[in-house]
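J.: So the chains spell out like this:
There are 2 protein chains.
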Amino acid sequence: MYYPEPVGRLIGELTKLPGIGPRSAQRLAFYILEQPVTAIEQLARSIVEARQKTRYCSTCWNITAADPCPICASSYRDHSTVCVVQDPRDLIAMEKTREYKGVYHVLGGAISPMDGIGPDDIRLKELLARLQQGEIKELILATDPNVEGEATAMYIAKLVKPLGIKVTRIAHGLPVGGDLDYVDEVTLIKALEGRREM
Amino acid sequence: MYYPEPVGRLIGELTKLPGIGPRSAQRLAFYILEQPVTAIEQLARSIVEARQKTRYCSTCWNITAADPCPICASSYRDHSTVCVVQDPRDLIAMEKTREYKGVYHVLGGAISPMDGIGPDDIRLKELLARLQQGEIKELILATDPNVEGEATAMYIAKLVKPLGIKVTRIAHGLPVGGDLDYVDEVTLIKALEGRREM
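Just so you know, the protein sequences line up as chains L and Y, in that order. Residues in the first sequence are numbered from 0 upward in steps of one, following numbering that gives the first Met the number 0. Residues in the second sequence are numbered from 0 upward in steps of one, following numbering that gives the first Met the number 0.
Among the hints, a few may not be true.
Just so you know, same-sequence chains aren't split out, so a pair can sit in one copy or run between any two.
[Unchecked claim] With a cut-off of at most 25 angstroms between alpha-carbon atoms, the simulated BS3-like pairs for lysine-lysine come out as follows: (1) K15 <-> K95; (2) K95 <-> K160; (3) K136 <-> K52; (4) K15 <-> K52; (5) K52 <-> K160; (6) K165 <-> K100; (7) K124 <-> K160.
Hints were generated in silico from the structure; no laboratory data involved.
Hey, can you work out the whole structure from these sequences and the hints?
T.: Written out as structure tokens, the structure is:
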């Protein structure tokens with residue numbers, strides 16, 4: 000009622016974004032209204048193009064512009080070691096260490112009965128299919144160091160160990176109760192080095 | 000380097016927005032990548048349309064979809080009283096009180112020699128032109144209760160009083176040193192009631 004209709008609609012759309020409350024949305028909206036049209040069209044185009052030009056890698060389920068993703072397609076990476084992470088931001092946190100030379104598997108979440116997320120709701124079937132191809136020697140479980148992440152790691156370990164594949168969990172150098180992608184590079188390197196068999 | 004190119008570009012665009020740091024930008028970008036294409040196209044369209052379908056009211060310089068804006072066009076408003084605010088968000092804060100029945104003038108900023116903003120950089124010429132039409136009896140100065148806002152109010156008062164127009168400043172019920180559009184409605188009503196002639 001206080002805003003012109005297109006502005007009200009914009010504020011409504013912005014409020015849907017994570018971490019953007021009504022006041023941040025208003026601030027962003029008025030910032031947008033004060034920018035040159037070309038700058039705003041560029042912002043909008045970058046949003047649509049990022050969404051349209053990316054998809055999931057059909058091997059590791061990372062977000063990628065080309066399928067398979069550059070990591071899965073690289074001959075410099077060790078394809079016998081797979082690091083299992085919950086989401087693409089965790090993968091980026093791992094890559095930033097510059098220490099890990101294997102490949103990844105992005106689960107797209109963690110098992111969480113409280114939130115109604117079971118083993119079938121994350122990409123475990125896809126992980127098992129990769130493992131059954133026989134090329135993989137070690138699975139590094141790098142799920143978040145919280146209840147859901149630990150439960151997911153435990154579930155995967157139980158599922159995979161009978162296949163004769165080495166299963167390790169990155170070490171608890173990580174602050175417990177946190178989010179993997181908030182950890183600094185050095186701590187993450189320590190956690191990788193201290194991994195132990197499950 | 001860690002992101003697919005369209006995602007890196009999106010994060011770059013999002014980081015330009017006020018209050019969005021690199022981590023918030025990354026979070027927003029990955030949220031966008033996980034939404035349905037139609038939802039993201041709708042978001043992008045609402046951004047472009049809000050910018051394209053709004054302009055400044057040629058009377059009061061509020062942001063509006065129609066020129067003159069609904070407030071300037073309304074016969075229910077008192078066109079002899081003009082409330083001077085720094086930006087459109089301040090106008091919305093005033094409107095939310097539901098107490099003010101006059102019209103507005105949006106300066107688009109405050110005089111701030113430190114930031115190189117002088118009297119010619121805000122819409123003072125436009126304000127004087129409105130005042131010279133002779134219809135306006137009172138000017139309520141509702142600039143921010145901080146150094147720049149006070150200086151701007153003082154400057155306008157000195158400029159306008161010789162024209163024989165009543166000039167008032169909203170009362171310091173407002174917390175000093177703050178931003179006008181952060182103030183709650185009741186405080187703002189008190190400030191309007193307690194206004195005194197300058």
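J.: Against each hint, give a clear statement of whether it holds in the structure.
T.: Hints, verified against the model:
no., hint, result
1, K15 <-> K95, "between (30 angstroms within a copy, 23 angstroms between copies)"
2, K95 <-> K160, "neither (29 angstroms within a copy, 63 angstroms between copies)"
3, K136 <-> K52, "neither (33 angstroms within a copy, 58 angstroms between copies)"
4, K15 <-> K52, "both (22 angstroms within a copy, 22 angstroms between copies)"
5, K52 <-> K160, "neither (37 angstroms within a copy, 60 angstroms between copies)"
6, K165 <-> K100, "within (17 angstroms within a copy, 74 angstroms between copies)"
7, K124 <-> K160, "within (15 angstroms within a copy, 78 angstroms between copies)"
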